[in-house]
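Letter by letter, the chains look like this.
Protein chains: 2
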Amino acid sequence: MGLSSISAGACLLPSPKRASCANYARCVNQILQGLSNMQLWLRIPLLKTDEDSVDVDSDDLRDSWELWNSFRLICEHHSQLSLALDILSTLPSVNSIGRWFGEPVRVAIVHTDSFLTNARGYPCLSKSHQKLITGFFNHSVQMVLSGKPLHNIPAESTGSAANHIDKNVNNVERHPLRSYLDYVGYLYQRMEPLSEQERIELGYRDFLQAPLQPLMDNLEAQTYETFEKDSVKYIQYQRAICKALLDRVPDGKESAITTVLMVVGAGRGPLVRAALQAAEETGRKLKVYAVEKNPNAVVTLHSLIKLEGWENVVTIVSCDMRLWNAPEKADILVSELLGSFGDNELSPECLDGAQRFLKQDGISIPSSYTSFIQPITASKLYNDVKSHKDLIHFETAYVVKLHSVAKLAPSQAVFTFNHPDYSTKKSNQRYKKLHFVIPCDTGSAIVHGFAGYFDATLYKDVHLGIEPSMSTPNMFSWFAIFFPLRQPICVQPGSPLEVHFWRCCGSTKVWYEWCVTSPRPSPIHNSNGRSYWVGL
Amino acid sequence: MGLSSISAGACLLPSPKRASCANYARCVNQILQGLSNMQLWLRIPLLKTDEDSVDVDSDDLRDSWELWNSFRLICEHHSQLSLALDILSTLPSVNSIGRWFGEPVRVAIVHTDSFLTNARGYPCLSKSHQKLITGFFNHSVQMVLSGKPLHNIPAESTGSAANHIDKNVNNVERHPLRSYLDYVGYLYQRMEPLSEQERIELGYRDFLQAPLQPLMDNLEAQTYETFEKDSVKYIQYQRAICKALLDRVPDGKESAITTVLMVVGAGRGPLVRAALQAAEETGRKLKVYAVEKNPNAVVTLHSLIKLEGWENVVTIVSCDMRLWNAPEKADILVSELLGSFGDNELSPECLDGAQRFLKQDGISIPSSYTSFIQPITASKLYNDVKSHKDLIHFETAYVVKLHSVAKLAPSQAVFTFNHPDYSTKKSNQRYKKLHFVIPCDTGSAIVHGFAGYFDATLYKDVHLGIEPSMSTPNMFSWFAIFFPLRQPICVQPGSPLEVHFWRCCGSTKVWYEWCVTSPRPSPIHNSNGRSYWVGL
Numbered sequence: 155m156g157l158s159s160i161s162a163g164a165c166l167l168p169s170p171k172r173a174s175c176a177n178y179a180r181c182v183n184q185i186l187q188g189l190s191n192m193q194l195w196l197r198i199p200l201l202k203t204d205e206d207s208v209d210v211d212s213d214d215l216r217d218s219w220e221l222w223n224s225f226r227l228i229c230e231h232h233s234q235l236s237l238a239l240d241i242l243s244t245l246p247s248v249n250s251i252g253r254w255f256g257e258p259v260r261v262a263i264v265h266t267d268s269f270l271t272n273a274r275g276y277p278c279l280s281k282s283h284q285k286l287i288t289g290f291f292n293h294s295v296q297m298v299l300s301g302k303p304l305h306n307i308p309a310e311s312t313g314s315a316a317n318h319i320d321k322n323v324n325n326v327e328r329h330p331l332r333s334y335l336d337y338v339g340y341l342y343q344r345m346e347p348l349s350e351q352e353r354i355e356l357g358y359r360d361f362l363q364a365p366l367q368p369l370m371d372n373l374e375a376q377t378y379e380t381f382e383k384d385s386v387k388y389i390q391y392q393r394a395i396c397k398a399l400l401d402r403v404p405d406g407k408e409s410a411i412t413t414v415l416m417v418v419g420a421g422r423g424p425l426v427r428a429a430l431q432a433a434e435e436t437g438r439k440l441k442v443y444a445v446e447k448n449p450n451a452v453v454t455l456h457s458l459i460k461l462e463g464w465e466n467v468v469t470i471v472s473c474d475m476r477l478w479n480a481p482e483k484a485d486i487l488v489s490e491l492l493g494s495f496g497d498n499e500l501s502p503e504c505l506d507g508a509q510r511f512l513k514q515d516g517i518s519i520p521s522s523y524t525s526f527i528q529p530i531t532a533s534k535l536y537n538d539v540k541s542h543k544d545l546i547h548f549e550t551a552y553v554v555k556l557h558s559v560a561k562l563a564p565s566q567a568v569f570t571f572n573h574p575d576y577s578t579k580k581s582n583q584r585y586k587k588l589h590f591v592i593p594c595d596t597g598s599a600i601v602h603g604f605a606g607y608f609d610a611t612l613y614k615d616v617h618l619g620i621e622p623s624m625s626t627p628n629m630f631s632w633f634a635i636f637f638p639l640r641q642p643i644c645v646q647p648g649s650p651l652e653v654h655f656w657r658c659c660g661s662t663k664v665w666y667e668w669c670v671t672s673p674r675p676s677p678i679h680n681s682n683g684r685s686y687w688v689g690l
Numbered sequence: 155m156g157l158s159s160i161s162a163g164a165c166l167l168p169s170p171k172r173a174s175c176a177n178y179a180r181c182v183n184q185i186l187q188g189l190s191n192m193q194l195w196l197r198i199p200l201l202k203t204d205e206d207s208v209d210v211d212s213d214d215l216r217d218s219w220e221l222w223n224s225f226r227l228i229c230e231h232h233s234q235l236s237l238a239l240d241i242l243s244t245l246p247s248v249n250s251i252g253r254w255f256g257e258p259v260r261v262a263i264v265h266t267d268s269f270l271t272n273a274r275g276y277p278c279l280s281k282s283h284q285k286l287i288t289g290f291f292n293h294s295v296q297m298v299l300s301g302k303p304l305h306n307i308p309a310e311s312t313g314s315a316a317n318h319i320d321k322n323v324n325n326v327e328r329h330p331l332r333s334y335l336d337y338v339g340y341l342y343q344r345m346e347p348l349s350e351q352e353r354i355e356l357g358y359r360d361f362l363q364a365p366l367q368p369l370m371d372n373l374e375a376q377t378y379e380t381f382e383k384d385s386v387k388y389i390q391y392q393r394a395i396c397k398a399l400l401d402r403v404p405d406g407k408e409s410a411i412t413t414v415l416m417v418v419g420a421g422r423g424p425l426v427r428a429a430l431q432a433a434e435e436t437g438r439k440l441k442v443y444a445v446e447k448n449p450n451a452v453v454t455l456h457s458l459i460k461l462e463g464w465e466n467v468v469t470i471v472s473c474d475m476r477l478w479n480a481p482e483k484a485d486i487l488v489s490e491l492l493g494s495f496g497d498n499e500l501s502p503e504c505l506d507g508a509q510r511f512l513k514q515d516g517i518s519i520p521s522s523y524t525s526f527i528q529p530i531t532a533s534k535l536y537n538d539v540k541s542h543k544d545l546i547h548f549e550t551a552y553v554v555k556l557h558s559v560a561k562l563a564p565s566q567a568v569f570t571f572n573h574p575d576y577s578t579k580k581s582n583q584r585y586k587k588l589h590f591v592i593p594c595d596t597g598s599a600i601v602h603g604f605a606g607y608f609d610a611t612l613y614k615d616v617h618l619g620i621e622p623s624m625s626t627p628n629m630f631s632w633f634a635i636f637f638p639l640r641q642p643i644c645v646q647p648g649s650p651l652e653v654h655f656w657r658c659c660g661s662t663k664v665w666y667e668w669c670v671t672s673p674r675p676s677p678i679h680n681s682n683g684r685s686y687w688v689g690l
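Each protein sequence line maps, in turn, to chains U and L.
Residue 155 is where the first sequence starts when you use this note's numbering, and the numbers rise one by one after that.
Residue 155 is where the second sequence starts when you use this note's numbering, and the numbers rise one by one after that.
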């Protein structure tokens, strides 16, 4: 059934009555202060009434999320305070339910009166309930059935719904809620199994990682190996190089023209391979320079060239692309310097240095990239950041496989870089003000920070990226990035969320600063890059 | 003129244009991070438009305080970011102006076009401007005059407004703004000089002090001496004792009845003296027990008794009142165990112990006391608490002579204790939920914490206290108490402020917890008395 056992022990707390819960929350908070490793699960009904359908002055609970939010703010986001959600027969809007997937929901209590009856008299759930339960399974939420049996199962047919049960069990008295449990079990078994990639990524879910610093540090062999396995990415690069080669060398000129292609940041050679395959696919002649600053990678690169017999086509240059004096200019400059947030591994600064040896009409692959952010509820990530009890961790961006998060509004573009860029007043400093509108039917929501993504145009219509609405399928080289907020911000329905992002450049480092100005101003995060920066 | 010089140097920053100031604030914040001890003064016009008089959708600045508030939140309440206020010809409402007195206003820039013309052609200011300027003088705000001279002073009469200027100065060319300066100087000189008490308290203004722990610790001789000087307090006690004696002993029975009066916590004897003076004033016979736990005070008490020849009337008991086995019961129990917040020096717990030896119909002086709180803007106090960079200081109540604060709403009663109290379910634990409404014409405001006071009924209509609306004049034994908030809370106009206070009792200590639940919930402060408590 996938129901994990209660490892450390937990205590179910009754739901607060009405909205004013300060006294109750104080008592719970007092207990939490002295608790070793037991969890407290606050029982909250999954309930949100439409604004229109209730008397405005009524004291009735209209959005149980607000109750939970008050309670946990009073208890200071305590990591041992979690949720048990009561699932009722009527469900609120999908957007409103979405919020709970960023909250520490441990248990869903499904009441028998939430069940419908199928044609054969058995309990079943509505489509929206089914979707919710499946969502809970996806987030390892335990299921509890509660209430009296409300379905009279025809006696002779008991076996049909439970024919996987050992025959000898049939002699024992059937649990009165057995048919409900069977149905929930059926929903679990009906779920699509995880793909291989999802299984690999399981261990990374909601786990904060420091972003790579490939420019300042040299990558490890293990890191190269992982990234080289991402065939989808290199197929996209190969497609882009093919199109660029066809544009540079028209049909009929294949034998007359040799295209000079430089891979800057060649690593252990995957883009060199993609380039040579593109040349073969298009029948174009190619001369490749593979520029790489990491001496360890260069060693491997030499072996690869020898092994593949590419000595005549590929020249290896062991040098930082920003310093190299190229013997000739390139038609095509290929790089894979993008981080989860696009420019965060200093692709702009590297390509500025490499642009010197690109022909005036030369092509850069990628030709542009854009970063994106969206506000998220992510109590697990917030608590992990908070557990360090310092400022630095709240002003750092993390690479993370986002899972238990609620995405509160569609992502928006932040910074764009184009390559090559010959404009005279070129600068890699950027500033962007963003205005997010959380759908009104969501209700109030808490923003723990921002999920960041990128999308890159490799060449013309060939793109690559992780922005959720247009992400490249089955690509695993990048997780999202997470920019935390030192104080989570509550956003009321209809209230805009105004966010500012800066990309700042110093002589030795590049960093981001960020802040919120509406609904209420936050401090500037990472002022002067004091907590988090990327070294040049 | 009372204009203090700019000691550490300051830089005047131009006023932000429009409401969106994130980019400007980021730059200033960056500078603040690296600033040694220079002050930055952000120039802000003193401006608040009535809600009715402007187009709601207009982007015009409606309340400049909001601009300042955004700016300083983005700059994280930096202690070197202060304010220069531009005083315009039209002033906003008094409530709205009041907010600025809790903010770090260093300079007021008065423009010549704010001046009116008096009958003799000289510049003068409206009543409300005069009040504002006087308020600034009271808060050591520097005055700067700005603008072109707009008044043509009759040449022959220059001397009359400036006849305090040395004659030789008259030969030098008069500064074109001289007459404005003279008028501002006149406002300063017209102010009432500080009383002696105010002069003494000057050094304590807005200075955080840890509250006394007279029960757990023994007071120092110096502390007794200071408090004994507060004649107003002892006059009130004497009045109360007089009334109690007259009630206990009707006229005609003066010689028949001897009233037993016990001073619990007699210290070095001021209440003993007040009691004996009351006996003399009313012609009642008195037997006094002076109970004191501090052995040092008892020594002084013995000398006093001998010196005054009170040996036959006063019995000294060197004992903790909670432990003393009294030889007889008292008619009147007199104590002065109150702290700034009434019960915060554990008067309830002490008097519970002493109540054993009060006659069933006996009188306790004080007979009751109530604590009060009110929300305040107090950026100086907030920054002083914050400078410790720890949680403990944010969860401690401080005794403080409040001066540079804005009181945002009238104070409200919190906890009341009555003595004696013979109820069977008596407990000194308390909980109170308070609902403050900040006047709408104030505009938005920031709450840095709560000012606390007390009022005590000594006996019948004789009371004593520091609650501002009914405080006992010229009494200096108590300053207010300040309960900080870990995160200052912004309250929008019309939005209620809901606050919760708990008085918690353990076996060895008593403490307060507090939190805000509206407009947004704060964490519980001082959970389990982890940061601040009073020892039993």
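Simulated from the structure, these hints should not be mistaken for laboratory data.
Each hint should be verified, as a subset may be incorrect.
It does not matter which identical chain is meant; a pair holds if it fits inside one copy or across any two.
[To be verified] Quick list of in silico lysine to aspartate or glutamate cross-link-like pairs, EDC-like style, CA-CA up to 20 Å:
no., residue 1, residue 2
1, K281, D515
2, K171, E652
3, K543, E230
4, K587, D575
5, K534, E434
6, K614, D360
Violations among the numbered hints, reported as their numbers in ascending order: 1, 4, 5 and 6
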